[in-house]
Structure formats: structure tokens, C-alpha cells
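Colleague: Model the full assembly from the supplied sequences, consistent with the hints where possible.
Residues per chain, in single letters:
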Amino acid sequence: MKRTIMTALMIAGTTASVLASGKLNVVSVYPDYGWLASQVGGDHVAVSVLAKGTQDPHFVDAKPSFLVALHKADLLLVNGLQLEVGFLPPLLQQCGNAKIQPGAPGYVDLSTFIKPIEVPVGGVDRSMGDIHPYGNPHYHLDPRNMAAIATGLAGVFAAADPAHGAEYAKNGEAVSAQLMSLDAEVAHDLSPLKGAPVVAYHATLDYFFLHYAFNVVGFVEPKPGIKPSPVSLMELEKAMRDKGVKLLIVENYEDIKIADKIAGDTGARVAVIPSYTGGAPDAQTYPALMRAIVHDLLGASRG
Amino acid sequence: MKAMTIALCALAVVGTGARAMAQSPTADDLQKQLQALQKQMQQVVQDYQSQVKKLQDQITALKAGQASAGAPAPVQGDQGSVPPIPAAPPSPALQNPAISVLPDFTYSGGNDPYWKSQDAFQVREVELAFSAAIDPFATANVFLSLENGHLNAEEAYAAFPGLPGGFSMKVGKFYADFGKQNSMHTHMWFQADQPLALRTMLGDEGFNDMGVSLNHLLPTPWMSDLTVEVSGGRNTDLFGGKRSDLSYNVAWRNFWDLTDNANLEAQLSLAGGKNATGHGTGLGNLSVTYRFKPLASGTRASFLWRTEVIRENYRAMDGLTRSTGAFSYVDWQFTRGWFAGLRADYAEHPADPRMHDKGGALVLTYFPSEFQKFRLQYERINYAGLGLRNAVVFEYGFAIGPHGAHPF
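Chains A and B supply the protein sequences, listed in that same order. Heads up: the first sequence runs through residues 0 to 302, numbered per numbering that gives the first Met the number 0. Heads up: the second sequence runs through residues 0 to 407, numbered per numbering that gives the first Met the number 0.
Quick caveat, the hints were computed from the structure, so don't treat them as lab data. The reader is advised that the hints may include incorrect statements.
As the list claims (entries may be wrong) - Each computed DSBU-like pair below joins lysine-lysine, with the alpha-carbon atoms no more than 35 Å apart: (1) B:Lys273 with A:Lys114; (2) A:Lys245 with A:Lys260; (3) A:Lys245 with A:Lys226; (4) A:Lys62 with B:Lys53; (5) A:Lys226 with B:Lys292; (6) A:Lys71 with B:Lys357; (7) B:Lys172 with A:Lys260; (8) B:Lys273 with B:Lys115; (9) A:Lys51 with B:Lys292; (10) A:Lys62 with B:Lys179; (11) A:Lys222 with A:Lys71; (12) B:Lys115 with A:Lys256; (13) A:Lys51 with B:Lys53; (14) B:Lys179 with B:Lys357; (15) B:Lys53 with B:Lys38; (16) A:Lys226 with A:Lys114; (17) B:Lys372 with A:Lys62; (18) A:Lys22 with A:Lys245; (19) A:Lys242 with A:Lys114; (20) A:Lys71 with B:Lys38; (21) A:Lys245 with B:Lys292; (22) B:Lys357 with A:Lys256; (23) B:Lys292 with A:Lys62; (24) A:Lys260 with B:Lys372; (25) A:Lys51 with B:Lys372; (26) A:Lys237 with B:Lys115.
As the list claims (entries may be wrong) - Residues from chain B that keep clear of chain A, each with C-beta distances beyond 12 Å, as calculated: (27) Lys53; (28) Gly108; (29) Arg233; (30) Asn253; (31) Asn260; (32) Pro349; (33) Phe393.
Unchecked claim - Stretch-level coverage of chain B by chain A, calculated; a stretch enters the list once three of its residues show a Cβ under 8 Å from a Cβ in chain A: (34) 149–162; (35) 165–173; (36) 208–216.
Keep in mind that this is a model prediction, so the values were computed, not measured. In this text, a Cβ means the ideal position worked out from N, Cα and C, and glycines have one as well.
Modeller: Given below as C-alpha cells:
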């Protein structure tokens with residue numbers, strides 16, 4: 000809460016420039032927060048999104064075409080927790096926009112609105128694979144986090160554009176309530192899978208797994224971001240047999256062939272899921288994404 | 000501490016009693032005072048007991064934390080669980096610049112004169128990269144290169160990303176924005192060596208000088224920007240006039256997203272300055288890059304084609320010499336971590352453009368992770384005056400430290 004207020008106060012400094020352009024130019028690195036910004040901002044914000052929901056969020060190319068949106072942005076919504084470290088810094092250095100540089104009021108790190116999980120104790124090094132030192136950055140698949148961000152964004156938008164502050168606050172509350180109701184719906188629909196032992200490809204869904212009571216036995220990647228080896232796959236398959244894992248969950252941009260092989264060896268079923276908004280034809284909004292994931296998981300578990 | 004508190008309370012009781020006797024209090028009064036004191040005493044004891052319990056709990060929690068450091072417990076959420084992540088010793092380097100070390104090793108065989116001039120086994124370069132925000136207005140990037148026992152500042156500049164008017168600026172020593180290949184550091188190359196045209200026409204160190212670079216986006220419907228650079232003109236292969244002579248470079252970059260999976264980049268760079276003879280050197284570079292990368296399998300499949308044509312006009316006492324160089328390469332990722340490449344080279348000798356070298360290279364590169372690579376390259380070049388020469392090169396490189404993202 001304190002962070003929200005501080006961010007809001009800092010953003011108040013950009014008010015004058017925003018009012019001159021009529022609408023808030025908001026750039027979101029990832030589509031889920033772009034959807035959220037549109038819901039909270041309504042007609043008073045123009046939202047652009049850089050990454051596509053169909054791509055691996057770790058490997059977004061720093062395409063020069065992104066500079067056009069970044070150059071005129073009033074606010075930049077970043078996931079934070081170092082998810083963008085591989086492509087955003089050179090874009091920010093080239094975009095010629097002081098308002099959205101790290102440390103400036105227009106640089107909005109959305110991870111400050113949530114409580115990260117899996118924050119390593121002490122520190123990390125690359126012997127552990129591609130671990131994010133500030134915690135797991137894939138927090139968007141817990142609707143409660145999105146609800147907290149909706150409330151946070153309402154404050155951020157209101158500080159940048161006080162004339163429509165009341166509207167942002169109202170929208171923020173409504174979206175937040177919608178997301179909490181979505182959360183209840185997802186929890187209810189996933190109840191048949193409560194406590195189910197599963198294997199996933201990468202730690203993209205850990206917030207989701209923790210909240211909806213899945214028991215993750217292991218990952219296809221032996222360490223985050225590291226390609227599985229024959230030995231690591233053998234160990235994983237043994238663990239799957241020992242613990243009766245019947246469901247293997249794979250993001251749709253990962254290597255499905257490996258998942259199919261593991262499934263063939265162990266008798267588990269593969270659920271290929273979109274993990275970002277826009278990641279599948281039936282996942283064009285955030286609620287649709289969550290429902291698509293539920294649909295795919297239940298479908299795969301029923302066979 | 001506890002004993003001292005009891006003693007103070009006892010003194011208070013004695014003092015209170017003395018005053019009470021002086022005023023001849025009744026037995027009831029004395030009884031009430033005694034009860035009040037007993038109550039105070041109990042409160043003090045309770046407070047201390049509660050504090051001691053808190054401290055004991057903290058010690059227990061700390062001991063438990065130490066015990067579990069070697070074997071982290073599974074992460075528990077509201078209801079589910081996921082496997083634990085390991086812990087590592089704390090890093091003392093939070094306030095230091097981001098420091099990375101990128102060594103590059105080669106083994107080469109064959110009769111190619113470029114590779115024969117180097118040791119068969121060699122540490123070709125150790126790059127030391129430092130970066131940090133200088134203050135809220137600028138970021139520093141320093142790349143030191145250790146080659147053959149000499150430490151050089153390959154690049155050392157401050158970047159000002161948000162100047163008034165939408166400009167961004169670099170000040171310091173840096174690679175000129177002259178085509179795409181010129182500004183790539185050794186560990187970013189798609190082959191084990193620079194294309195022949197760059198080595199022949201720009202020299203081993205490339206077009207790299209101390210100066211100022213100013214960049215601005217152009218108001219075009221597609222992405223387009225202009226970079227203007229002024230530098231000290233001390234690159235001896237190209238310029239090197241009087242101390243007061245400067246060199247200039249203008250780069251016009253254009254970029255189009257053809258689809259979500261494919262894009263095209265074209266850049267025209269024009270540079271000029273005084274050379275060692277006191278006359279002018281003019282340079283031009285046309286660079287075209289096509290990239291294809293299916294988003295849904297971005298880590299396992301990609302294709303890049305790049306072609307650059309370089310033109311050099313070198314005026315000296317005895318007149319104007321025009322030379323041309325070009326290269327074209329493809330880099331095809333056929334599965335996760337594996338890339339196959341092919342390069343074609345052509346370079347006229349700037350000193351005598353009637354002589355030219357041409358050839359090509361075949362490359363196979365494997366990246367076990369983003370941070371190390373193994374490369375095998377076969378190179379065959381027909382040198383003017385020397386004839387056909389071959390080389391087989393094995394390259395290995397790695398990166399440690401948080402070496403950041405590269406420009407696209």
C-alpha cells in the first residue's frame with residue numbers, strides 16, 4: 000500500500016505532460032497487463048503491448064519497431080523481477096524518452112504490487128540455471144495478483160491524470176472484483192484436480208499451482224532455462240512413475256515433442272496451454288486465458 | 000535486570016510506607032496501596048516474561064533457518080506445493096557495477112595467412128564488461144579487451160537515454176554506427192572471424208573512435224532513426240589527419256515488421272574525414288538484414304540473412320582510389336542451441352583495387368546455454384597474389400557475470 004502511494008505521488012510529477020496529449024500513452028511489455036491497463040484506463044488511455052502472448056516471455060527480441068511506442072510513452076508497465084532483463088535495457092537506452100527510464104515516475108514495475116514467491120535465500124548463480132534472483136516473475140497467473148495490480152494501476156493512472164482519477168478508481172475496483180470472482184470460478188472448476196501430482200515444463204505456472212493446490216513433482220527442464228538431457232529425463236520419468244503423475248503441463252511455446260515422448264514413456268497425458276493473454280485463439284483476454292487454461296487442464300486430465 | 004527491578008520496587012514500597020506513616024494512614028489505605036504495588040509488580044514480571052519468550056522464539060526461528068539452508072524445504076502456497084529452489088551464499092557486490100568476463104579461445108589450422116599470423120592455440124581475447132547507472136541521467140558502459148597481453152578500452156562511453164527533444168546521446172569511445180557488423184563485439188559474431196571486407200577496409204579494430212553520438216527517431220510511419228556521430232579521426236586505417244581533424248558518420252536506420260515472425264532492417268551509413276595524407280577519406284555502407292523467427296518456437300528455430308556492401312574513396316597525393324567490399328551470410332537455427340551458417344566474402348585492396356580477395360566460410364555453432372558456445376568453422380579464401388588458402392577454426396567462448404542484453 001505504501002509503495003502504491005509513493006508510486007502515485009511520484010507519477011503526479013508527469014501530470015502536465017499527460018494532459019497536453021489528451022490520453023495517457025501506456026506501453027505494457029506483456030499483453031496481460033495491457034489488458035488490465037485497458038480495463039482500468041477505459042477511454043482515457045491508449046495502450047500498446049510489446050510482446051505477443053504466443054512467445055516465450057524470456058526471449059522477446061529487442062526489435063527497433065518497439066522504439067516507436069516507447070518513444071511517446073507516458074507510462075511503461077514492466078513485469079519486473081528481471082523478466083525483461085534480456086531485451087528491455089537496450090530499448091530504453093535508445094528510445095529517447097526520459098519519462099520511462101528506470102527510476103523515473105513513468106517506469107512502473109508491477110511486481111511492486113504483489114508478493115513474489117521463490118525468492119532465493121542469500122543469492123543465486125548460474126549453476127542453478129536461469130533463476131530470477133528477486134523471485135519467480137510469472138505472477139500473472141494468480142488472479143489475486145492481477146486484482147492487486149488493478150488497484151495499483153488505478154492509483155498510478157489517477158496520479159498521472161488526476162482529472163479522471165475517480166473513474167480510474169471506480170474501474171480499478173470493478174476490475175478487481177471481477178478478477179476475484181474469476182479466481183473463485185477457477186478454484187471451483189479446478190477442484191477435481193486439487194492435490195493432483197503434476198509435472199510442468201518450466202516454473203511459469205508456480206503461482207497458479209500453489210494457489211489452486213497442485214502438487215508439482217518436477218519440471219521437464221532439469222534447471223530453469225536448461226534443456227533436458229537424457230539422464231534428467233530418465234530421472235523425471237522415474238519420479239513420475241513413483242508418484243503417479245498423470246498430467247504433464249506444457250506452455251504452448253515450449254518443445255511439445257519432448258513432452259509427448261515423456262507422456263509416451265510414462266502414460267501421463269499432456270496439457271498444452273497458453274500462458275499469456277493472446278497465447279491462443281480462445282485466450283484473447285485475461286479471463287478468457289484463465290478459462291482456457293482450466294479447460295485445457297480438465298480436458299487433458301479426463302483424456 | 001530482573002533483580003534490579005525487584006530492588007527498585009522494594010525501595011518504592013519502603014518510600015511509600017514512610018510517607019504513609021507520616022500521614023497516619025488507616026489499615027485500609029495501607030492494604031489498598033499494598034495491593035496496587037503487588038499488581039504493578041505482577042505486570043512488570045509478565046512484561047519481562049513475554050519479552051524473554053519473544054527472544055527465545057526468534058532464536059529458535061534463526062536456528063531452524065540455518066539448519067534448512069543446506070536442504071531447502073518445498074515452497075508452500077495457500078494449498079499446493081512446488082519443488083524448492085536452491086540457496087546460494089549472499090553476494091557482496093550489490094553496489095558494484097555489473098561486471099562480466101567473456102573470454103574467447105581459438106584453435107586454428109591450415110595455411111590461411113590471417114590465421115597463420117596467430118598462435119594455433121590462443122586466448123584471442125578476454126573482454127571485461129562493466130556497466131552501471133552513473134546517476135539518474137546517464138548509464139556507463141565500459142568494455143575492456145585483453146589481447147596478447149595488452150589491455151585496450153574497446154568501448155567506454157556514457158549513454159544519455161532521455162535528453163530534451165527526444166534525443167539520446169553517447170559520449171566516449173565506441174564503435175561507429177557504420178553498418179551492423181562493425182559494432183559487434185567478438186563474442187557476438189556469427190562466425191569465428193570478421194568478414195574479409197571489414198578486416199581489409201576498416202582494419203582489425205574496425206571503425207571505432209572517441210567522440211559523440213546523437214540519435215533521434217524520425218516521424219515516419221515505419222520505424223526509422225538517424226544517428227550523427229563526430230569523432231576524433233584517429234582511426235589510422237581510415238583517417239588519421241591532423242590533431243584538429245574530425246571524422247563524421249551519419250547512419251539512417253529503417254526497420255519493418257513484415258509479420259509477427261519476420262522483419263527487415265536496412266541501414267545506410269556515410270562517413271568521412273581526413274586521412275594521413277591530409278586528403279579526404281569517404282566511406283559508405285549499405286546493410287540489409289532479414290530475420291525470421293517463429294514466435295511460437297522462438298528458442299528452437301530462427302533464420303537470419305545479412306548483407307553489407309562497403310565503398311571506400313581514399314584520396315591521396317597521387318589521386319583518388321576507389322575500392323569495394325561486401326559480405327553476405329546466413330545463420331540458421333535448426334534446433335535448440337544449434338546453428339549452421341554460411342558466409343560469402345569479397346574485398347578489394349584499398350591500396351590497389353585491381354587486386355581482390357574472395358572466399359567464404361562454413362560454420363556450425365552450438366550453444367549449450369546462452370552463456371557459452373562451441374564453434375567449428377571451415378574457411379576458404381582466394382587471396383590475390385597468394386592463391387587459395389584454407390583454415391579450420393575451433394572457437395570456444397563463455398560469459399560469466401550479468402552481461403546484459405545486446406542491441407538487436
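Colleague: It remains to establish, for every hint, whether it holds in the given structure.
Modeller: Structure-based check of all given hints:
no. : hint                   : verdict
1   : B:Lys273 with A:Lys114 : violated (59 Å)
2   : A:Lys245 with A:Lys260 : holds (14 Å)
3   : A:Lys245 with A:Lys226 : holds (22 Å)
4   : A:Lys62 with B:Lys53   : violated (55 Å)
5   : A:Lys226 with B:Lys292 : holds (19 Å)
6   : A:Lys71 with B:Lys357  : violated (46 Å)
7   : B:Lys172 with A:Lys260 : violated (52 Å)
8   : B:Lys273 with B:Lys115 : holds (33 Å)
9   : A:Lys51 with B:Lys292  : holds (13 Å)
10  : A:Lys62 with B:Lys179  : holds (14 Å)
11  : A:Lys222 with A:Lys71  : violated (39 Å)
12  : B:Lys115 with A:Lys256 : violated (45 Å)
13  : A:Lys51 with B:Lys53   : violated (51 Å)
14  : B:Lys179 with B:Lys357 : holds (21 Å)
15  : B:Lys53 with B:Lys38   : holds (23 Å)
16  : A:Lys226 with A:Lys114 : holds (29 Å)
17  : B:Lys372 with A:Lys62  : holds (24 Å)
18  : A:Lys22 with A:Lys245  : violated (50 Å)
19  : A:Lys242 with A:Lys114 : holds (30 Å)
20  : A:Lys71 with B:Lys38   : violated (69 Å)
21  : A:Lys245 with B:Lys292 : holds (33 Å)
22  : B:Lys357 with A:Lys256 : violated (42 Å)
23  : B:Lys292 with A:Lys62  : holds (12 Å)
24  : A:Lys260 with B:Lys372 : holds (27 Å)
25  : A:Lys51 with B:Lys372  : holds (28 Å)
26  : A:Lys237 with B:Lys115 : violated (52 Å)
27  : Lys53                  : holds (23 Å)
28  : Gly108                 : holds (31 Å)
29  : Arg233                 : holds (25 Å)
30  : Asn253                 : violated (9 Å)
31  : Asn260                 : violated (10 Å)
32  : Pro349                 : holds (31 Å)
33  : Phe393                 : holds (22 Å)
34  : 149–162                : holds (count 4)
35  : 165–173                : holds (count 3)
36  : 208–216                : holds (count 3)
Violation of the numbered hints given earlier is confined to hints 1, 4, 6, 7, 11, 12, 13, 18, 20, 22, 26, 30 and 31; the remaining hints are satisfied by the structure.
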